[in-house]
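Going down the list, the sequences are from chains A and B. For the first sequence, position 193 (counting from the first letter as 1) is numbered 193 according to my numbering, and the numbering increases by one without interruption. For the second sequence, position 114 (counting from the first letter as 1) is numbered 114 according to my numbering, and the numbering increases by one without interruption.
Be aware that one or more of the hints could be misleading.
Which copy? The list can't say, so a pair holds if one copy fits it or any two copies do.
Each computed DSSO-like pair below joins lysine-lysine, with the alpha-carbon atoms no more than 30 angstroms apart [stated by the list, open to error]: (1) K21 / K8; (2) K21 / K112; (3) K219 / K262; (4) K156 / K35; (5) K21 / K109; (6) K8 / K156; (7) K35 / K219; (8) K219 / K65; (9) K111 / K156; (10) K219 / K56; (11) K81 / K208; (12) K81 / K219; (13) K81 / K156; (14) K219 / K111; (15) K65 / K262; (16) K219 / K156; (17) K109 / K8; (18) K112 / K81; (19) K181 / K65; (20) K181 / K109; (21) K8 / K182; (22) K109 / K56; (23) K56 / K8; (24) K262 / K208; (25) K156 / K20; (26) K11 / K35.
Source of the hints: derived by calculation from the structure; they are not laboratory data.
Protein chains: 2
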Amino acid sequence: MIISLHNKSVKETAALVARKKERDRRGLFVVEGMKMFGEAPAERISQVYLAESAEKEAYARYEEKLSGLPCEIVSDEVFGKLSDTVTPQGILCLVRQFSYSMEDMLSGKEKKQLLFIILEDIQDPGNLGTIFRTAEAAGADGVIMSSRTAEIYNPKTIRSTMGSIYRVPFLYAEDLSSIIKKLREQGVNVYAAHLQGGDYDGGQDYRKSTAFLIGNEAKGLREETAACADALIRIPMEGQVESLNAAVASSILLYEAHRQRKMS
Amino acid sequence: MIISLHNKSVKETAALVARKKERDRRGLFVVEGMKMFGEAPAERISQVYLAESAEKEAYARYEEKLSGLPCEIVSDEVFGKLSDTVTPQGILCLVRQFSYSMEDMLSGKEKKQLLFIILEDIQDPGNLGTIFRTAEAAGADGVIMSSRTAEIYNPKTIRSTMGSIYRVPFLYAEDLSSIIKKLREQGVNVYAAHLQGGDYDGGQDYRKSTAFLIGNEAKGLREETAACADALIRIPMEGQVESLNAAVASSILLYEAHRQRKMS
Numbered sequence: 001m002i003i004s005l006h007n008k009s010v011k012e013t014a015a016l017v018a019r020k021k022e023r024d025r026r027g028l029f030v031v032e033g034m035k036m037f038g039e040a041p042a043e044r045i046s047q048v049y050l051a052e053s054a055e056k057e058a059y060a061r062y063e064e065k066l067s068g069l070p071c072e073i074v075s076d077e078v079f080g081k082l083s084d085t086v087t088p089q090g091i092l093c094l095v096r097q098f099s100y101s102m103e104d105m106l107s108g109k110e111k112k113q114l115l116f117i118i119l120e121d122i123q124d125p126g127n128l129g130t131i132f133r134t135a136e137a138a139g140a141d142g143v144i145m146s147s148r149t150a151e152i153y154n155p156k157t158i159r160s161t162m163g164s165i166y167r168v169p170f171l172y173a174e175d176l177s178s179i180i181k182k183l184r185e186q187g188v189n190v191y192a193a194h195l196q197g198g199d200y201d202g203g204q205d206y207r208k209s210t211a212f213l214i215g216n217e218a219k220g221l222r223e224e225t226a227a228c229a230d231a232l233i234r235i236p237m238e239g240q241v242e243s244l245n246a247a248v249a250s251s252i253l254l255y256e257a258h259r260q261r262k263m264s
Numbered sequence: 001m002i003i004s005l006h007n008k009s010v011k012e013t014a015a016l017v018a019r020k021k022e023r024d025r026r027g028l029f030v031v032e033g034m035k036m037f038g039e040a041p042a043e044r045i046s047q048v049y050l051a052e053s054a055e056k057e058a059y060a061r062y063e064e065k066l067s068g069l070p071c072e073i074v075s076d077e078v079f080g081k082l083s084d085t086v087t088p089q090g091i092l093c094l095v096r097q098f099s100y101s102m103e104d105m106l107s108g109k110e111k112k113q114l115l116f117i118i119l120e121d122i123q124d125p126g127n128l129g130t131i132f133r134t135a136e137a138a139g140a141d142g143v144i145m146s147s148r149t150a151e152i153y154n155p156k157t158i159r160s161t162m163g164s165i166y167r168v169p170f171l172y173a174e175d176l177s178s179i180i181k182k183l184r185e186q187g188v189n190v191y192a193a194h195l196q197g198g199d200y201d202g203g204q205d206y207r208k209s210t211a212f213l214i215g216n217e218a219k220g221l222r223e224e225t226a227a228c229a230d231a232l233i234r235i236p237m238e239g240q241v242e243s244l245n246a247a248v249a250s251s252i253l254l255y256e257a258h259r260q261r262k263m264s
């Protein structure tokens with residue numbers, strides 16, 4: 001059992017929790033909690049840390065999975081230092097980062113009409129994670145993000161995905177315009193959420209391959225990005241509301257596509 | 001100008017920011033930021049605090065509104081102590097709490113079909129505020145909350161409402177069952193979001209007076225509450241998703257009602 005805060009692997013793991021730079025350098029990210037460990041693909045887990053007080057429960061729930069993985073027991077004090085949460089569940093693992101290509105994202109296109117969400121500069125990790133969770137639920141084929149979007153491997157983002165991080169393909173793009181062009185060449189209709197758009201529920205056919213483009217929480221989409229889309233759409237708003245939360249807007253659009261596809 | 005952290009009104013305001021008990025005792029809540037001040041109904045504002053460095057900007061934007069209100073200038077250090085945010089905008093005001101009755105909530109019923117959202121034990125202030133914002137945008141007539149729901153006057157909740165706190169009627173109820181009964185007596189169809197429900201987009205007519213009932217983030221609805229509804233409905237989920245974020249679920253349902261009402 002590791003009881004020292006100065007232990008080398010404890011220090012290295014704390015750095016992974018705290019810093020994007022370390023996560024990218026080592027190609028790893030950190031996942032906390034029983035359920036998030038349970039859903040993590042075993043072949044991507046490089047190390048498990050268990051708090052002394054959680055060892056029994058973890059083995060009771062996940063004996064088979066744990067038995068095949070390198071696992072260190074640490075004191076509760078050490079675990080507290082590693083944990084990013086207020087009430088740690090006593091289990092944490094290091095997972096190898098994902099790497100998807102545009103071809104992965106488009107791989108389902110022979111069998112079905114595709115559905116994507118494209119995010120420009122979304123800043124809030126909670127919003128980003130929630131969008132992943134909703135994208136999986138609505139049957140989306142991937143999430144495409146501008147390089148200035150919040151980091152998917154941030155512990156807060158990971159938590160809000162509720163496990164969808166393991167299952168929804170994603171990629172970061174330096175240049176969203178060229179990605180949008182590529183999607184349109186593949187027959188995907190790209191709709192940009194924009195205050196100058198027509199109502200999103202005005203007869204558009206989202207059963208065809210569709211991508212929804214959502215802008216930054218405060219600033220919306222850049223004009224040059226919006227201009228790349230096939231059409232601008234707007235979620236109508238009553239009262240004095242000037243915009244919707246980015247995760248809310250994404251959800252309304254993704255589920256309108258889901259609703260149309262179910263009916264057809 | 002107030003420069004002392006020991007000033008009596010500074011101490012009292014800090015207590016209002018920090019503690020629900022103080023907010024309830026004095027019947028006030030605290031609003032921060034230029035835009036939130038701009039949207040606050042002037043007749044409910046009992047006091048304004050301006051940071052020295054923000055005085056010029058505040059008067060440039062809101063001279064007329066500020067001129068009719070009691071206003072204290074405080075040093076930036078003092079303002080930093082009062083502020084709940086990481087990057088304070090230098091303006092903060094005390095606002096009298098709202099008080100709505102069930103009759104207020106139902107007051108539009110001669111003129112239109114009503115739309116409500118009922119929340120049972122929602123815990124996250126950000127979720128709660130986002131639900132208010134979306135409720136206003138979807139044209140809802142009010143938000144009804146169980147008494148164990150997060151506090152609407154929590155500074156985090158207020159911020160996430162983006163001003164909808166001023167415009168959406170709401171009430172807390174000790175007993176949701178009796179509220180649901182009352183709504184149904186008034187001809188409101190109450191739909192409970194529930195994993196055992198039928199698909200929400202399966203032909204229900206949300207153009208009629210409608211209330212959506214949403215449960216706690218982790219536990220969902222209590223069975224006894226769900227049993228009071230007219231029907232259980234479920235938002236279908238693909239992949240391995242077991243539930244949606246509470247604000248996301250609320251948004252999808254509210255906007256399905258909005259979509260149907262717009263078409264009719």
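Intra/inter-copy verdict for K21 and K8 if alpha-carbon distance must be at most 30 angstroms: Result: close within a single copy only, 18 angstroms intra versus 46 angstroms inter.
30 angstroms Cα threshold - placement of K156 relative to K219: Both: 22 angstroms inside a chain and 21 angstroms across chains, each within 30 angstroms.
Alpha-carbon proximity context of K8 and K156, limit 30 angstroms: within (25 angstroms within a copy, 38 angstroms between copies)
For K11 vs K35, is the C-alpha pair at or below 30 angstroms within one copy, between two copies, both, or neither? The answer is within: 25 angstroms in one copy meets 30 angstroms, while 43 angstroms across copies does not.
If the cut is 30 angstroms between Cα atoms, do K112 and K81 qualify within a copy, between copies, both or neither? Answer is neither; intra-copy 46 angstroms and inter-copy 56 angstroms both fail.
Within, between, both or neither, where K219 and K111 count as close if Cα-Cα is 30 angstroms or less: neither (37 angstroms within a copy, 37 angstroms between copies)
Up to 30 angstroms CA-CA - K56 versus K109, copy category: neither (45 angstroms within a copy, 57 angstroms between copies)
At most 30 angstroms between C-alpha atoms: does K156 with K35 qualify within a copy, between copies, both, or neither? Classified as both; 15 angstroms inside a copy, 27 angstroms across copies.
Should K219 paired with K65 be assigned to within, between, both, or neither, using CA atoms and 30 angstroms as the limit? between (45 angstroms within a copy, 26 angstroms between copies)
How would you classify K109 and K8 at a CA-CA limit of 30 angstroms: within, between, both, or neither? The answer is neither: 47 angstroms in one copy and 67 angstroms across copies each exceed 30 angstroms.
Is it within, between, both or neither when you check K21 against K112 at 30 angstroms Cα-Cα? neither (38 angstroms within a copy, 55 angstroms between copies)
When no copy is specified for K35 and K219, does a C-alpha distance of 30 angstroms or less occur within a copy, between copies, both, or neither? Cα proximity of K35 and K219: across copies only (15 angstroms, versus 35 angstroms in one copy).
Of the numbered hints stated above, those contradicted by the structure are hints 2, 5, 9, 11, 14, 15, 17, 18, 19, 21 and 22, listed in ascending order.
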